[in-house]
Amino acid sequence: MYRLVLVGAAALAACNQTDNNRPATLEYITEAILQPSCSQYTCHSSYRREKTYAFDTVDAARQSLTRPGIVNTEEPELSLLYVVLTRQIKRMPYDSPLPDKDIALILQWIQDGAPGLDVP
Amino acid sequence: MKRAIRLLTLAAPVAVAVLILFGGLFGGTAHAYPQFQMSRDQTCTGCHLSPSGGGLLNENGLTTAEGISQWGTAPEFFYGKVPTPSWLVLGGDLRGASGYVQTPEKLLASFPMQIEAYGHATLPAGLSLYVGVGSRASEVGNEAATHVWSREHYLMWQQKPGETGGLYVRAGRFMPVFGLRFVEHPTYTRKWGGTPLYAETYGLAVEHIDPRFEVHATGFIKDPLTDTPEHSNGAAAIGELRLSEQLSVGAEAMYTQSTIDSQNKEQKIRAGLVAKLYLPGPETLLQFEGQFMNQLIDPRGAPKQIIAYLMASRSFDPAFMLDVGLGYFNENVQITQLHREALDVNFHWFATSHIEAIFTGRFETLAFGSAGPNAGYALAQLHYRL
Numbered sequence: 801m802y803r804l805v806l807v808g809a810a811a812l813a814a815c816n817q818t819d820n821n822r823p824a825t826l827e828y829i830t831e832a833i834l835q836p837s838c839s840q841y842t843c844h845s846s847y848r849r850e851k852t853y854a855f856d857t858v859d860a861a862r863q864s865l866t867r868p869g870i871v872n873t874e875e876p877e878l879s880l881l882y883v884v885l886t887r888q889i890k891r892m893p894y895d896s897p898l899p900d901k902d903i904a905l906i907l908q909w910i911q912d913g914a915p916g917l918d919v920p
Numbered sequence: 036m037k038r039a040i041r042l043l044t045l046a047a048p049v050a051v052a053v054l055i056l057f058g059g060l061f062g063g064t065a066h067a068y069p070q071f072q073m074s075r076d077q078t079c080t081g082c083h084l085s086p087s088g089g090g091l092l093n094e095n096g097l098t099t100a101e102g103i104s105q106w107g108t109a110p111e112f113f114y115g116k117v118p119t120p121s122w123l124v125l126g127g128d129l130r131g132a133s134g135y136v137q138t139p140e141k142l143l144a145s146f147p148m149q150i151e152a153y154g155h156a157t158l159p160a161g162l163s164l165y166v167g168v169g170s171r172a173s174e175v176g177n178e179a180a181t182h183v184w185s186r187e188h189y190l191m192w193q194q195k196p197g198e199t200g201g202l203y204v205r206a207g208r209f210m211p212v213f214g215l216r217f218v219e220h221p222t223y224t225r226k227w228g229g230t231p232l233y234a235e236t237y238g239l240a241v242e243h244i245d246p247r248f249e250v251h252a253t254g255f256i257k258d259p260l261t262d263t264p265e266h267s268n269g270a271a272a273i274g275e276l277r278l279s280e281q282l283s284v285g286a287e288a289m290y291t292q293s294t295i296d297s298q299n300k301e302q303k304i305r306a307g308l309v310a311k312l313y314l315p316g317p318e319t320l321l322q323f324e325g326q327f328m329n330q331l332i333d334p335r336g337a338p339k340q341i342i343a344y345l346m347a348s349r350s351f352d353p354a355f356m357l358d359v360g361l362g363y364f365n366e367n368v369q370i371t372q373l374h375r376e377a378l379d380v381n382f383h384w385f386a387t388s389h390i391e392a393i394f395t396g397r398f399e400t401l402a403f404g405s406a407g408p409n410a411g412y413a414l415a416q417l418h419y420r421l
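Here the protein sequences line up with chains A and B, keeping their order. To convert, take the position in the first sequence, counting from 1, and add 800; that gives the working numbering. To convert, take the position in the second sequence, counting from 1, and add 35; that gives the working numbering.
Hints are computed from structural coordinates only; laboratory data are not their basis. Possibly wrong hints are sitting among the right ones.
[To be verified] To give an idea of the chain A side of the interface with chain B (calculated C-beta under 8 Å), a few residues:
#, residue
1, Q840
2, R848
3, I870
4, Y894
[Claimed, not checked] List of simulated lysine-lysine pairs, BS3-like, C-alpha gap at most 25 Å:
#, chain 1, residue 1, chain 2, residue 2
5, A, K890, B, K141
6, A, K851, A, K890
7, B, K300, B, K257
8, B, K339, B, K300
9, B, K141, A, K851
No residue lacks a Cβ here, since even glycine has one placed at the ideal position from N, Cα and C.
This is chain A alone, in the form it adopts within the complex:
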């Protein structure tokens, strides 16, 4: 049955798959990537605010990502958000790394000037 599901998933996915044309917007990145992967209750939720960051809503993400150095549109790869997702030590998320394409979309959003964010 598991194989059937895998085959079904692969068939469904293969129907209309693209490389990575998802919207590089704050709304999409928050709701599709940061919220499900980073804002578990004991981590970056509005409740817990681990390290003072929260990513469970767009407003909370906007507030967290606006701080100096978190998003660096001048040198996107030096943005702390990008660094913590890609480094080998103290990499985030701690329980399960993000796929490369999610990280690439976040980098793309920063390279585009981080629309939706008032970067200082």
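We have chain A already, so just place chain B on it with the hints.
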């Protein structure tokens, strides 16, 4: 010496973060085992007071706890040394774990998972009150008031008090009834499938339990009192039909809506299938859940996800159980290489009616290792049921 101090200085924040995270990741698992269904009792209410399972055990559940354990011991609350009136059932769970984590940084971690006590009071007219109280990570800036909380508290009406079937209506705070309701909340169908850890909220559930079929329908709201992982209003339903003593099939659906900022709303629509097949020869139970989820964020972004989990569980007399699980999660089927897979292994030893030792391990790949680093853990867990 300086190097050692420097290493300790570097390692301490990492260890604290891992402790906090995994304390959350693995904490709060109050349920017993859906794996017992079909091999022992057809329904959750065969062993539990709650129609959706988990928490306090009924008389049959206590007998089962004693019967499957290596050394028996009195299964009652505090070994029966603390007598309670017939209308009151008390219990609790303590859990902790220690082991190896690789995500991809390699670490050793030890953490508490659960400190929780429950009470169930039988009231007149088929009513009962269920309250759980436990410890949790506190809210930043409001530590004193939030370290202790109640994940579940609800008023329940039961059509047939004292029996394990019929109609149930619950109002209060509890987890929306959805999916296979595995104990292990890192399973993909819980973590990504609508019932992550601590997603209990206020709602109303109407449930019907019968040996041949069961139906659960829950309407719920965003918790108005505390911030939870899910910020949604919504509804969930699941129905299971037992086609024979060995086979059951079911369907599920969930709709949620939440406000993501001052201008936008997000909707999630989930639909899925569940199935259970018990193989009497090898005494193995196969459980499967497959979900399709459409997340509506904005007109250009609507990820279509697939979340699936297959678990095979085998009991070894007198007191052992092995689970092997396969998880599949595709966070957007329209984009290549956004799927991940997990192989989970849990080995349970029911030492006494109250003490359980568990080895739990996971190996996870991102698109079979082609889209990022692999991850995993191997943990020893100790569970004491009061």
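Problem - Hints not upheld, ascending by number - result: Checked against the structure, the only hint that fails is number 3, while the rest are satisfied.
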